Amino acid sequence: MLNRRNFMKLSAASATIGLCGATVLTQAADLPEWGNKGYSRKTGRERKMVPSACYQCVTRCPNVTYIEDDRIVKIEGQLNSIRSEGVMCAKGQGGVNQANDPDRILYPLRRVGKRGEGQWKRVSWDEALTELSGRLKKLKDEGTPEKFMFHYGRMKSSTSKMVKSAFLATYGTGTIGNHTSICEGGKWVAQEFTWGGHFDTWDFDNTRFVLNFGSNALEAGTNHIPTSHRLIRAMAERNVRMVTFDVRLSNTAAKSSEWVPIKPGTDLAVVLAMCNVVMSEDLYQGDGEAFLKYCKATRDNFASVEEKVAALKKHFAQYTAEWAEKESGVSASLIRRIAREFATAHPAVVISYRGAVAHYNGNDTERAIQTLASITGNIDNPGGRCKAVGPKWKYPHGPHDKPKARKLALMDGPKGAAVSPNHHMSHNILKMIKDGSAGRPEIYMTYTYTPVYANGEVQENIDILKDESLIPFFVSINPFYDESAALADLILPEPPYPERWDWEDMVSPVQIAEYYIRQPGTKPLGETRDFGDVVCELAERLDMPLGFKTKKEFVQKSCEMTPLIKAVGGFEYMKKQGVYHDPKAKPVFFSYMKEVPAEKYEQETVILDDETGVYWDWKKAHLHSEEEAIKKGYAHTKKAYKAYVGQLIGNTVYSGFKPDKVNKSGYMELYSNLLEDKGVPPLPTWTKAPEHEAMDTDDLIMTTYKVATQIHSRSANCKFLTELYHKNPAWINPVEAKKRNIADGDMIKVKSAIGEIEIEARVTPAINLGVLAISHHCGHWQYGRYASGNKAPTGQDNDPDLDRIWWKGDQGEHPNWIIANAPDPVNGQMRWMDTVVKVRKA
Amino acid sequence: MSESKQQVSRRDFIKKMATGSAAVATTTVSSVALPAEKNKRYAMVIDTRRCVGCQACSVACKTENDVPLGETRNWVEYIEKGEFPNVRRSFLPRLCNHCEDPQCVSVCPTGATYKRKEDGIVVVDSDVCIGCKYCIQACPYGMRFINPKTGTADKCDFCLHRVEKGLVPSCVNTCQGRARIFGDLNDPQSEVSQLVATNATTVLRPEMGTGPMVFYIDADHTDERDAEKQGIYVRIDTHRRQQKRV
Ligand code: SF4
Ligand code: SF4
Ligand code: SF4
Ligand code: SF4
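Those sequence lines, one after another, are chains A and B. According to the working numbering, the first sequence is numbered sequentially starting from 1. According to the working numbering, the second sequence is numbered sequentially starting from 1001.
The set of hints was computed from the structure by calculation and includes no laboratory data. Because the structure is a prediction, the values reported are computed rather than measured. Honestly, I wouldn't trust all of these hints.
[Said to hold, decoys possible] With a straight-line Cα cutoff of 27 angstroms, these simulated DSS-like cross-link-like pairs (lysine-lysine) come out:
(1) A/Lys394 with A/Lys37
(2) B/Lys1117 with A/Lys42
(3) A/Lys37 with B/Lys1040
(4) A/Lys434 with A/Lys415
This is chain A alone, in the form it adopts within the complex (with noise of 0.2 angstroms):
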């Protein structure tokens, strides 16, 4: 492919979507090849490529991946990818490290001596399956299957699939823990009770103007690469402006037009001023009013859109811009300014992450946002705040007949801690076991997850890892010796994703679905195997099994399904070509627009809901009559959710804003009768942390954050990437540092109401007044010696740079040592950016 054809391509591609100015360009004679291709340094010849895909972070973007000598050599982007266009980021670039990491686990290892000791012995994998496949016998025996908990970090798309729903089904086991809520679990609640199904994307391609709160888009995120370089692009080469809230300088900040230094946990005071300055000042009126007729504004599902102006200018009326200045910090004439400037814009896109929603009023902040798009007329819409839009893969399902699972109450929280924990409470389930009263499992099994880091209260999570009394048997299935595995019973050594077979599935920038697959580029290491082929064998040993015999297996016969697959040659195809899209799809904007057929809504066990206005098939949600329905409502049936219909506006029925995980209406619902009725007020509505409220003078609120060149918790072992971030100094402001006489590079003491830590301070103006902002990343005690200095038990000799390390010993600070388990009260995500501290020289 040609760089500039590429290029070509690439303006082309934006062009067809809308408004992106193409580029044109001069084509000149000789020129360089992108790539895609890739020649041995050593002998001159020509690598072999396999196309696949990263799993650095859950962006996955589609990649290619060279190998000499049987080893991953390199990777780069796949230039067929529609989301990713080519590009990778540095983790993804430095994915080659994973593979090629000399303190990768090889062989299976059970424990010898205490738990947390650090003695192994090695174990064949027939051994290891016999004791793990004996232990789930006997609980599946004696009916109590919930006791097996598995507990998954980095676990997706066909993977998923495999464990959860054939595997981890057919066993029985309803105990299954995710991470969501320490990652974006309250973003996606905030959106399953406005617009339905969660997963917001960014149009940076057709956008006039970005409003950013707390994303740190540049660096990192969800669907980081996809949606970062297209923002470049918008910035470079459209002009297109970008105003960043955040409270420290982050590269997104520093790319961005205007920096707008905010007090943390106060996002929520300036959207609602924002809303008010729109409301007040009529600038909803054109789109924003348009958009009004979908949204629900009031407690009456059909009050006309001039009952939901007044509802909302009065709702807004008390959230002035200068009430919002003593919250925020942020200058009322600023607030109004940027207001304006967004709700004039249009096209234009907000955009929200961790730094605005990780908070204790964080779920009112994400629906203040949503609120904000749309009375200004940015949802959905081209340039705006889209739906995301992903592949939709047909895959086995495992044996038809599986039991009703069974589980324990572990992955909400404590009764009461959350009022909508839709995704759960991850960052709780250690401390639900400790508990008690909600039972124990007996065998603990966690994937590519590391409880003991990625959460916060560090030191209670090793101390409940290790306690048997209250974990009997944990087992790790991890490519590396992470905090976590050194605390298991047993390891069971999963390759890395270069070595990995998968389908994938994640949402694009460009809306339209693309289908992409990750193959291995060599056989896995040493014993390594994907732990979607030891389920497969778990499911044998335990006469149960799943009709497929490996992942390879599982992802053929997923091609084979998945017509749009199959119709273009299926899992040959996608082999050979790693993804594809339909070169005819059109892209998914205003999808809550689509009117349904009458023969939809029609149909025998179909009703009208009075209260709500939304069409719902009874029999779908279980119910036995319509008499049955009529009198529970569609909002007060358990599980509603999943026999809507359509939603009736006016004199038609709209596909409108389906319905996920809660019983929505069909509506964007601004106001939300299920938050009222839960005792929340249901407009968003300014509330702050207590603890916030009650901070002495000289408190910090202590952030964390994301840099460009780690992922959370599992890349510290790349040394290409720890080379370039490896210690993670506490930002500060020269004028807090003053205060408390810290010069740039002390070693201070950061105290919360649960631990202290030490660490060096970065004095720079490139952070807010009154916070202290520390990345996670770094202070790793185990995940091999790039990550620690300290050899995992099967760490080979083979690398001549690890006689090279130059940051030995300096290797930062872990800040969730003093970050509390907290949780957001309505949607439950973990509360990363609300920590109350002391700051002191050490």
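Here the structure of chain A is known, so what remains is to put chain B with the ligands in place on it, guided by the hints.
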């Protein structure tokens, strides 16, 4: 690319601060003496407006060229400056300049370091290099190191093994901002030629007379000396073992 002409700088603040830097000079292609014959003259343009400091280039370079820990052929400097809240950060990717008059070449006693006639790439022949380190002293940009694996001098070679086969360098391939543009300056139609012709570009340390062939658009060349002169906070992170900027 056509957009560069109309590009309006969003960072006037930074610009003002950057003026007065001794290290900058605006260069146009006409001021660079280029050989008239049909040979290529490979060069790179780095459009810092499009650079986000992501360091993908640094890691791509490491993996492509198997660069040992502690040494770097490519790095990205972060320049943070100003006083709160008027503080900005800009990014300056660094690599060998493949100079027209390379001092590393003139001091090399063995001829191991030379500029290729056919394309201007400055390379080291590790079979000939005796590891005397003269070139390392001579390069005004700190681009060279002794590779511990070979014991010979090493540096960016514009990914010669790729370029020879018609591929762009690895750092160019991965750059998410498309901030790095590689091509032939002797071809007036090439993107690098067009960019150099239509933008105010700068090179590093022009006073050294090396004729660098890495051109920057909108780069902030502030260094610690400027900081001292202007009495403002400036912090430069090199993201390499060698923490001082060269
Ligand atoms: S954003 Fe980077 S780390 Fe994440 S999948 Fe893409 S290339 Fe890999
Ligand atoms: S890869 Fe490109 S955007 Fe990233 S730091 Fe390098 S030059 Fe800048
Ligand atoms: S930058 Fe240094 S090493 Fe590169 S050509 Fe110029 S003088 Fe030689
Ligand atoms: S051209 Fe090649 S050797 Fe030079 S900096 Fe880029 S990747 Fe490294």
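Given the hinted pair A/Lys434 and A/Lys415, is their alpha-carbon gap at most 27 angstroms?
-> Holds - the C-alpha atoms of A/Lys415 and A/Lys434 are around 15 angstroms apart, at most 27 angstroms.
Measure nothing beyond the straight line between the CA atoms of B/Lys1117 and A/Lys42; if it is 27 angstroms or shorter, mark the hint as holding.
-> 23 angstroms, holds
Quickly compare the C-alpha distance for A/Lys394 and A/Lys37 to 27 angstroms and report which way the hint goes.
-> 31 angstroms, violated
Is A/Lys37 close enough to B/Lys1040, meaning Cα to Cα at most 27 angstroms?
-> 23 angstroms, holds
Comparing the model with each earlier hint shows a violation of hint 1 alone; every other hint is respected.
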